[in-house]
Amino acid sequence: MVKILALGGDGIGPEILDQGLSVANRIAQIADIDIEWEHGLLHGASYEAHGTFCSEKVLAQARNSDAVLVGAVGGPRWDNVEMPGGPECQDGLMFLRYHLQTYLGLRPAWSFDALLQKTPFRAEILNKTDILILREMCGGAMFAKERGQRTTSIGRQGYDMICYDEEEISRFAVGGFELARKRRQKLISCDKSNVMHSYKLWREIVTDISKSYLDVQFENMFADNFGYQMIMRPSDFDVVLCCNQLGDIFSDLTGTFSGSLGMLPSACLASSPSAEPSFGIYESTAGSAPDIAGKGIANPIGTILAVGMMFKYTFQRPDLAFMIQSAVEKALNDGIKTLDIGGNATSEQMTKAIEESLTK
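The sequence shown begins at 1 in the numbering used here and counts up one residue at a time.
Just so you know, not all the hints are guaranteed correct.
DSSO-like, lysine-lysine: derived pairs with alpha carbons at most 27 Å apart [claimed, not checked]: (1) LYS118 / LYS128; (2) LYS330 / LYS118; (3) LYS211 / LYS182; (4) LYS145 / LYS200; (5) LYS186 / LYS211; (6) LYS182 / LYS330; (7) LYS295 / LYS330; (8) LYS211 / LYS200; (9) LYS128 / LYS186.
Restraint-style ranges between C-beta atoms, simulated for each label pair [as the list claims (entries may be wrong)]: (10) PHE322 / GLU146: 40 to 46 Å; (11) ILE33 / GLY158: 46 to 52 Å; (12) ARG63 / SER170: 23 to 29 Å; (13) ARG183 / LEU116: 19 to 25 Å; (14) GLU166 / GLN117: 44 to 50 Å.
Since the hints were made in silico from the structure, they are not lab data.
Keep in mind the model is a prediction, meaning the values are calculated, not measured.
Yeah, the Cβ is synthetic: ideal placement off N, Cα and C, and Gly gets one too.
My request is simple: use the sequences and hints to build the entire structure.
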């Protein structure tokens, strides 16, 4: 028996979550896995019901679960709401990540043959791109303790004090090298150590840790150069280590390789992947898209692939993750596509096509 907490969130979140639950239940049936589902509210939905972006009840539910599956959170209605507390209290998902210490963010992206025409790239440039952006999720700019706005003698000033300590960088880097070791054994670490002290420490620590992973081809790159190189030759890259802020930016850029952000899954793990299961928070990287909420046309594939990541990293079943990804590719090759990727299938039709491919 495995226990999973399902949090729909806002906008299209509940809709794409439902499609993810459907695929998870189908996979569980095929693999003879018993799933106990719990449900709760997150971010805007939680604020409307409880006056907080994440209730203590939901946090307790998450602590007592093996994994958390999220739809999507956020929307203009709550963008200017300021809650008491630190930066983690201003966003329901950040609250969960912070308190559960899911520091290792995995943002994979692939090129799909059936969607090449939806990308800005020539086929020979993408050439079976398979890249994993790793985003540190619990420190850096997003969780700056010193932040705010003030008035100085020359006008208004905004500030966010970026800080990383050795333990935060070390545990994240170890997770990156462990993942690279299981993939194509290549790892790039991105930084701006030419201008910022926090990145100087980042580069020193990651470089030291690389000496324990001599089987992994390692390179430091300045972030601006990496951004250029990733767009020019995406298929050359394997695993990429990024701080919280850079990882947020680069992982969205990889949506251009897949044809839509709705195609991309993500995981936030509380430990380095190893022989032991990792607790994780899983979701699509797409936003809550309030403009299409309730229309039944949102792309569920990012959420469905996130379900695959959940089976791979939390439940130690990479075979089931492969089964889901193969079913997604089969459905796309059969011409079943949602609006954002050039088709007219509804969310439910897309999901049903994937589920049918699971058994073929």
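Against the structure, the hints:
no. : hint                        : verdict
1   : LYS118 / LYS128             : holds (15 Å)
2   : LYS330 / LYS118             : holds (17 Å)
3   : LYS211 / LYS182             : holds (17 Å)
4   : LYS145 / LYS200             : holds (20 Å)
5   : LYS186 / LYS211             : holds (14 Å)
6   : LYS182 / LYS330             : holds (25 Å)
7   : LYS295 / LYS330             : holds (25 Å)
8   : LYS211 / LYS200             : holds (17 Å)
9   : LYS128 / LYS186             : holds (16 Å)
10  : PHE322 / GLU146: 40 to 46 Å : holds (45 Å)
11  : ILE33 / GLY158: 46 to 52 Å  : holds (48 Å)
12  : ARG63 / SER170: 23 to 29 Å  : holds (25 Å)
13  : ARG183 / LEU116: 19 to 25 Å : holds (23 Å)
14  : GLU166 / GLN117: 44 to 50 Å : holds (46 Å)
When the structure is compared with the earlier hints, no violation turns up for any of them.
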